[in-house]
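Asker: Spelled out from the first residue to the last, the chains are:
There are 2 protein chains.
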Amino acid sequence: MNDLHQMAHDARVAAWTLAASDIAQRNAALLAMAEELEASKNDIFAANQIDLVQAEQDQLAAPLLARLKFADEKLAAVTAGLRALADLPDPIGQTTISRELTEGLKMYRVTCPIGVIGVIFESRPDALVQIASLALKSGNTVLLKGGREALNTNRVLCQALRTAAEKVGLPADFAQLLETREDVAAMLKEDELIDLIIPRGSNAFVRYIMDNSRIPVLGHADGICHVYVDKAADLNMAVNIAVDSKTQNVAVCNAMETLLVHRDVASAYLPKLLPALEAKNVKVLGDEATQAIIPVLPATDEDWATEYLDYTLSIRVVDSLDTAIDHINRYGSGHTDCIVSTDEAAAQAFLTRVDSAGVYHNVSTRFADGFVYGFGAEVGIATGKIHARGPMGLEGLTTYKYKLLGSGQLMAEMKNGTRHYTHVLLNEDCPL
Amino acid sequence: MNDLHQMAHDARVAAWTLAASDIAQRNAALLAMAEELEASKNDIFAANQIDLVQAEQDQLAAPLLARLKFADEKLAAVTAGLRALADLPDPIGQTTISRELTEGLKMYRVTCPIGVIGVIFESRPDALVQIASLALKSGNTVLLKGGREALNTNRVLCQALRTAAEKVGLPADFAQLLETREDVAAMLKEDELIDLIIPRGSNAFVRYIMDNSRIPVLGHADGICHVYVDKAADLNMAVNIAVDSKTQNVAVCNAMETLLVHRDVASAYLPKLLPALEAKNVKVLGDEATQAIIPVLPATDEDWATEYLDYTLSIRVVDSLDTAIDHINRYGSGHTDCIVSTDEAAAQAFLTRVDSAGVYHNVSTRFADGFVYGFGAEVGIATGKIHARGPMGLEGLTTYKYKLLGSGQLMAEMKNGTRHYTHVLLNEDCPL
Chain H
164 MNDLHQMAHD
174 ARVAAWTLAA
184 SDIAQRNAAL
194 LAMAEELEAS
204 KNDIFAANQI
214 DLVQAEQDQL
224 AAPLLARLKF
234 ADEKLAAVTA
244 GLRALADLPD
254 PIGQTTISRE
264 LTEGLKMYRV
274 TCPIGVIGVI
284 FESRPDALVQ
294 IASLALKSGN
304 TVLLKGGREA
314 LNTNRVLCQA
324 LRTAAEKVGL
334 PADFAQLLET
344 REDVAAMLKE
354 DELIDLIIPR
364 GSNAFVRYIM
374 DNSRIPVLGH
384 ADGICHVYVD
394 KAADLNMAVN
404 IAVDSKTQNV
414 AVCNAMETLL
424 VHRDVASAYL
434 PKLLPALEAK
444 NVKVLGDEAT
454 QAIIPVLPAT
464 DEDWATEYLD
474 YTLSIRVVDS
484 LDTAIDHINR
494 YGSGHTDCIV
504 STDEAAAQAF
514 LTRVDSAGVY
524 HNVSTRFADG
534 FVYGFGAEVG
544 IATGKIHARG
554 PMGLEGLTTY
564 KYKLLGSGQL
574 MAEMKNGTRH
584 YTHVLLNEDC
594 PL
Chain X
164 MNDLHQMAHD
174 ARVAAWTLAA
184 SDIAQRNAAL
194 LAMAEELEAS
204 KNDIFAANQI
214 DLVQAEQDQL
224 AAPLLARLKF
234 ADEKLAAVTA
244 GLRALADLPD
254 PIGQTTISRE
264 LTEGLKMYRV
274 TCPIGVIGVI
284 FESRPDALVQ
294 IASLALKSGN
304 TVLLKGGREA
314 LNTNRVLCQA
324 LRTAAEKVGL
334 PADFAQLLET
344 REDVAAMLKE
354 DELIDLIIPR
364 GSNAFVRYIM
374 DNSRIPVLGH
384 ADGICHVYVD
394 KAADLNMAVN
404 IAVDSKTQNV
414 AVCNAMETLL
424 VHRDVASAYL
434 PKLLPALEAK
444 NVKVLGDEAT
454 QAIIPVLPAT
464 DEDWATEYLD
474 YTLSIRVVDS
484 LDTAIDHINR
494 YGSGHTDCIV
504 STDEAAAQAF
514 LTRVDSAGVY
524 HNVSTRFADG
534 FVYGFGAEVG
544 IATGKIHARG
554 PMGLEGLTTY
564 KYKLLGSGQL
574 MAEMKNGTRH
584 YTHVLLNEDC
594 PL
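Chains H and X, in that order, are what the protein sequence lines are.
For the first sequence, the positions run 164 to 595 when my numbering is used.
For the second sequence, the positions run 164 to 595 when my numbering is used.
These aren't lab readings, by the way, just hints derived from the structure by calculation.
Some hints here could point you the wrong way.
One copy or two, either will do: identical chains are not told apart, so a pair holds if it fits within one copy or between any two.
What the hints assert, rightly or not - Listed below are the simulated DSS-like cross-link pairs for lysine-lysine, each with C-alpha atoms no more than 30 Å apart in a straight line: (1) Lys435 with Lys578; (2) Lys578 with Lys237; (3) Lys204 with Lys578; (4) Lys443 with Lys578.
No experiment lies behind these values; they were computed from the predicted model shown.
Here chain H stands alone, though its shape is the one from the complex (with noise of 0.2 Å):
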């Protein structure tokens, strides 16, 4: 199992037979897979329970410990997770372009699986489980490699996935389980067999791995968000808007770490919103204009690109709207960024030019998620521009190829004028 080039092969074989798999045994693995882990229920929570002391001895902090708990409430998100996945449809061979090019030839664009993905994800053993799944309900192959606190659970994980696919015919290496970094660092290497690296943590370690590998990233990285308060904004909103996507989970990258409040509302707004943050025990920072309305520490440019996720919260004061986007492109990580206004111009300017994943008009910027998005689940937030942005689901793990069924067309007979291009869409699924 360790030998990191003969895994990535052997993922590289699963793939094939993925592709050519069709959906009913795709969602009959899913429900195994629920059915799979409900029966090593014992397995798992002996596992996860020397997880957990080894976790305890180490003096992991209480959220991250919280985290790593696998229990029944989890086991069930899991299992309900796996059962809705396979109630939604197949994200493969969907025919997204259909066009006659000349007569009797056709072409359809189809949506087909990437292949082998390589996944580096946080000490949150559910998240196994839905990338694995998402992976397979895909038609891809998945290296997987979790938090080391988490090890003896994901193995037991990994292991229940991996049987439950051989029990309807499919490939149980869809899903393998890498186990140290030197692993990683062999995954970063095999570029000819990896499509795909998803690294979900911070922004230095997104950066060390495209530094190393020739494969493409899709970053899951830093989520500095804010709320920018308008002129116009109603200010009681905007108290709350500012309270949740702060304070709603800080340890989450779409809470807000930034505040921005127009200049000609600061000194109505920021006295209101003191309180509020202050009865949830946020420490608050501020720039110069703050800290002549409310009394507040400094704030320096360095808060401007920090992601606490913790109780803490800088605030700056705006002169205009355009300072506003200014500043969001310039400090923010292009993650999820808020308006709150009641101008629609305002508005619309804020949604056209913040160039972010997320820009949203009056709500929290805790909505930035695949679930509360509708698409079952995701693989991460992707904080860059290339392939998919935002919360990626199932749509984020296909490409496509185009399909042409012709009846002999040649090149020379479309320059000699023999035939000509008739463009003509079609609208149909590809027969084949």
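On the provided structure of chain H, position chain X as indicated by the hints.
Answerer: For chain X alone, coordinates are given in the frame of chain H:
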């Protein structure tokens, strides 16, 4: 002009303007470009003459000289292309998903430009106009590096396009010309300012780019295309498709490099094919089984991985459809591959299991082209699987953002049950 960092910065600033521009203005710019090129024809042709004289002194091969030449015929094609592009629908601002998430909160996925794109292309001056105009239509800005043989022509062309953009009120810096290899090396470092690099060239060149940049790369590399003649093929059709795929234009990436023939038809097919290839002066190489049937030179393993771009063809006799598919997935470049067969089941297996951007049934590989596919034009043909695959037109130059239009929705309300997800598909355009 020569400080690359400043150029990239100017491109980024221009990209903000382009992203907020309307389609009427972008189309007006395309029409103005056609007029400006026609008005500048004497300057263009004179500059091209300087490039041609130098290229002749440098003993450039005849096909390359033909590609470099820019006279009345090319000008007419280029201006016709610009006017046709102005007629195509706007690729940006298109709503591709619309959904109510919870009462009063609507999500829209809306296409938008990628931003700043670096394109490195070969010595064909008309490519500069095609790439720059596709970028402008899709709201992007470009840094362009053409072949050094075309430098004088490219300077005049690029200046004409910049003048035309300014005349309709769009930033001239939507297109900027790089002139040296040092500029390219410097461009690869600007990952904060440039969103995508599109290199058109050899595999080795694309790998060099990938190894030296954090910027996402959409590679347009080798085309090692195959035709597979199945045991159930119409042999006359198979002769015509093989000859067209090999010889209609040998210097292009969609030309066939290796022919695979099923053993059952090899002795009937190869003696029919050979004279047709010889009539076109094709040098034929073959494996031992081929040599046993027709008098050809031996082909080695290296031949299977070679893009000749010339009047040379390697032939291999295979025992089965599976062997043909394995050969293509092992030695091919994922560009375009064709099966000639009257057996629909064999065709379906080939189209499903060959892992290439184009999978063809009974049609010449020469049809792999953005214009042929009805995309208007192409920036290149992507051989990777991420983002765009195959001929890459306007759609490949776009990404999307999620616009959420709310009325104060909070995640705390979703978690405490005050609100519920509705996830109703809306099928409407985003109003902002």
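Asker: Hint by hint, say whether it matches the structure.
Answerer: Quick rundown of the hints versus the structure:
no., hint, in the structure
1, Lys435 with Lys578, "between (73 Å within a copy, 24 Å between copies)"
2, Lys578 with Lys237, "between (63 Å within a copy, 16 Å between copies)"
3, Lys204 with Lys578, "between (66 Å within a copy, 27 Å between copies)"
4, Lys443 with Lys578, "between (72 Å within a copy, 17 Å between copies)"
Of the hints listed earlier, there is not a single one the structure fails to meet.
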